[in-house]
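Just so you know, the protein sequences line up as chains A and B, in that order.
Heads up: the first sequence runs through residues 235 to 366, numbered per the numbering used here.
Heads up: the second sequence runs through residues 65 to 199, numbered per the numbering used here.
Because the hints were derived from the structure by calculation, they are not lab data.
Keep in mind that this is a model prediction, so the values were computed, not measured.
The beta-carbon is built from N, C-alpha and C at its ideal position, and this holds for glycine as well.
Incorrect hints may appear among the rest.
To be verified - Sample of chain A residues at the chain B side, in silico, Cβ under 10 Å: (1) Phe262; (2) Ala263; (3) Asp265; (4) Leu267; (5) Glu268; (6) Asp269; (7) Gly271; (8) Val280; (9) Val283; (10) Tyr294; (11) Thr330.
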Amino acid sequence: MATKTSATAELRIDGAAIAKVRDVSITFARDALEDTGIGQFDRTYVYGVRNTTGTGTLLYDAADAATKTVINRLLNDSESTNSISMVLDTNVAEGTLTGDALLTQAGTSVSVGDVVSIPISFTFTGKPNGTY
Amino acid sequence: MPTSFPAIEPSSRRFKTAEFATTSQTSQSGVTTRRLWADRPSNATLDLQFRNISDTNTSAILSAYNAAKGPVDELSLPVVLFNGADSTLKTYLNTTATGADLIWSFAEDSPPVVESVAPNRSTVTVKLVAELRMS
């Protein structure tokens, strides 16, 4: 089995690949609900609700529509969600996670000697589809 | 025939001991006189919280409430309700140490409250009372 690098990965918004992505991460979390009994000395827990969030950094490319979609989404008052996909290997079907998400943060970072970057954050609404 | 309260270990427990029926009067000179009206205490309360329990256990508590017709019928309490207390304290918490004939039941003014937390998980609050009753 070959390990994968970022060269085979892709971040998509509404099905369109974003041209240049420096980094992206998705985190799944489930609440730990405490159900410790009063006679126990060690805390016990059960699974609660799942929460899926992500962050990433895009590189600004005025010619790329997907990149501009992400930036402009925060300036749009629409309440509709966007489909966000994280593809780990564009050559195979496995390793693609897709779900409806709210873009919750997008900024622009400009500094001397560096490319213009756009840090973003997103939160999935509902359970993302796909498996690793 | 008492209704059995389900054997579920609570997450927290708050016990108020049974009270003796008394009245008091304070004279103009500041002297207090107290009169005892009964030789046995009554009206102990037990507040229980079951945090994040399964729907099966939640239903068992509600089923017991219905079977006991709310505060009407007597409850038999499982020992698991008093987990964490030593053997002496348990006799006070279950009222066997403080007097005979105390009857446990659901409190009249506080039916069980179910707070849904997550799928298949609820937090249930229950109030029980131990009182002397006319047989």
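Verification of the supplied hints:
no. : hint   : verdict
1   : Phe262 : violated, 16 Å
2   : Ala263 : violated, 13 Å
3   : Asp265 : holds, 7 Å
4   : Leu267 : holds, 4 Å
5   : Glu268 : holds, 6 Å
6   : Asp269 : holds, 4 Å
7   : Gly271 : holds, 3 Å
8   : Val280 : holds, 6 Å
9   : Val283 : holds, 5 Å
10  : Tyr294 : violated, 41 Å
11  : Thr330 : violated, 26 Å
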